[in-house]
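**Q** Construct the complete structure from the given sequences, taking the supplied hints into account.
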Amino acid sequence: MNTLTIILLLSTIIFVYLYVIERTKEKIVYLKKTVQKTNDIMAYSPTTIANYYIQEKAKLGTLTSMKLIKLVYLAYAWYITLSNGEKRLTEEKSQAWKYGPVFPSLYKIIKQEGKINIDKPLPNSKEEVIVSEDAEFLDRIWELYGKYNGVELSAMTHAEGTPWREVYCRDCNSEIPDESIINHYKPKLKTA
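Residue numbers are given in the UniProt record's numbering: position 63 of the sequence shown equals residue 63, and the series is strictly consecutive.
No lab work stands behind these hints, which were simulated from the structure alone. Ideal Cβ positions, reconstructed from N, Cα and C, are used throughout, including at glycine. There could be a bad hint or two in this list.
[Claimed, not checked] Capping the alpha-carbon separation at 25 angstroms, the derived lysine-lysine pairs in DSS-like fashion look like this:
(1) 59 - 147
(2) 126 - 111
(3) 115 - 59
(4) 93 - 108
(5) 111 - 57
(6) 147 - 186
(7) 147 - 120
(8) 98 - 108
(9) 115 - 93
(10) 111 - 87
(11) 57 - 115
(12) 126 - 147
(13) 120 - 108
(14) 111 - 93
(15) 188 - 87
(16) 111 - 98
(17) 57 - 190
(18) 147 - 98
(19) 120 - 57
(20) 93 - 57
(21) 87 - 115
(22) 87 - 126
(23) 93 - 186
(24) 190 - 108
(25) 108 - 126
(26) 59 - 93
(27) 87 - 190
(28) 59 - 98
(29) 57 - 108
(30) 59 - 111
(31) 188 - 93
(32) 87 - 186
(33) 59 - 120
[Said to hold, decoys possible] For each label pair, taking beta carbons as the anchor points, the in silico distance ranges come out as:
(34) 132 - 88: 38 to 48 angstroms
(35) 139 - 179: 20 to 30 angstroms
(36) 42 - 112: 20 to 30 angstroms
(37) 186 - 123: 45 to 55 angstroms
(38) 187 - 121: 28 to 38 angstroms
(39) 120 - 187: 15 to 25 angstroms
**A** Following this line, the structure appears as structure tokens:
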């Protein structure tokens, strides 16, 4: 890649990231209200959240493995931020892998399935039912981010100042602390 191509690519990534922030302000206010109403049940497995998106949203367009992994992470990030760290959407914490934030158990299942485009639910040993308030929250996350492809969502989660960027080191698979996630997303609430 030449320098001009790299500059154009970085400019595109920054533009997409800033565009998403501007477009999400009003929807974030609604998300706050939704999370405040959620039940105090135990957190779900990342696969349960992924399967919700597969069952409810795959019919709306292509759902790739990368997009699915990023959607689950973004849902987790907003959920924990909007609850001030008091509630977690998933029982598992995300890790900073080479291509962004990942829930290892979800990645393992997706890899075993061996598909890039996902249109059928993933195997899940847990028979969890997502309560209506959480389903409503996940729908709002889809409204915010569902229009983006996996590469665009990956760029958003890799941007300078993101929790992934703070903890990533090559081949470490470091856990992304909830505090880092909250500290990153909370300022976005103030602009909403």
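**Q** Now look at each hint and say whether the structure bears it out.
**A** We went through each hint and held it up to the structure:
1. 59 - 147: holds (13 angstroms)
2. 126 - 111: Holds - the C-alpha atoms of residue 111 and residue 126 are around 18 angstroms apart, at most 25 angstroms.
3. 115 - 59: With Cα atoms ~16 angstroms apart, residue 115 and residue 59 stay inside 25 angstroms; holds.
4. 93 - 108: Judged against 25 angstroms, a Cα distance of about 15 angstroms means the pair holds.
5. 111 - 57: holds (20 angstroms)
6. 147 - 186: Roughly 23 angstroms separates the two Cα atoms, so the pair holds.
7. 147 - 120: Roughly 20 angstroms separates the two Cα atoms, so the pair holds.
8. 98 - 108: Given pair residue 98, residue 108 holds - Cα atoms ~15 angstroms apart, limit 25 angstroms.
9. 115 - 93: holds (24 angstroms)
10. 111 - 87: At roughly 28 angstroms apart (the allowed maximum being 25 angstroms), residue 87 and residue 111 break the hint.
11. 57 - 115: Judged against 25 angstroms, a Cα distance of about 17 angstroms means the pair holds.
12. 126 - 147: This hinted pair is violated, its Cα atoms lying about 29 angstroms apart.
13. 120 - 108: With a Cα-Cα distance of about 16 angstroms, the restraint between residue 120 and residue 108 holds, given a limit of 25 angstroms.
14. 111 - 93: holds (19 angstroms)
15. 188 - 87: holds (19 angstroms)
16. 111 - 98: This hinted pair holds, its Cα atoms lying about 15 angstroms apart.
17. 57 - 190: Roughly 29 angstroms separates the two Cα atoms, so the pair is violated.
18. 147 - 98: Distance ~24 angstroms between residue 147 and residue 98 Cα, so the pair holds.
19. 120 - 57: Distance of about 11 angstroms is within 25 angstroms: holds.
20. 93 - 57: Given that 25 angstroms is the threshold and the Cα spacing comes to 24 angstroms, the pair holds.
21. 87 - 115: Violated, because 32 angstroms separates the two Cα atoms, which is more than 25 angstroms.
22. 87 - 126: Cα-Cα ~20 angstroms, so holds.
23. 93 - 186: With a Cα-Cα distance of about 18 angstroms, the restraint between residue 93 and residue 186 holds, given a limit of 25 angstroms.
24. 190 - 108: violated (36 angstroms)
25. 108 - 126: holds (15 angstroms)
26. 59 - 93: This hinted pair is violated, its Cα atoms lying about 28 angstroms apart.
27. 87 - 190: holds (20 angstroms)
28. 59 - 98: violated (29 angstroms)
29. 57 - 108: holds (22 angstroms)
30. 59 - 111: holds (21 angstroms)
31. 188 - 93: Holds, because 21 angstroms separates the two Cα atoms, which is no more than 25 angstroms.
32. 87 - 186: holds (15 angstroms)
33. 59 - 120: holds (10 angstroms)
34. 132 - 88: 38 to 48 angstroms: violated (19 angstroms)
35. 139 - 179: 20 to 30 angstroms: With a Cβ separation near 27 angstroms, residue 139 and residue 179 satisfy 20 to 30 angstroms, so the hint holds.
36. 42 - 112: 20 to 30 angstroms: holds (25 angstroms)
37. 186 - 123: 45 to 55 angstroms: violated (35 angstroms)
38. 187 - 121: 28 to 38 angstroms: holds (36 angstroms)
39. 120 - 187: 15 to 25 angstroms: Taking Cβ atoms as reference, residue 120 and residue 187 lie about 38 angstroms apart, which means the hint is violated.
Consistency with the previously given hints fails for numbers 10, 12, 17, 21, 24, 26, 28, 34, 37, 39, ordered from lowest to highest.
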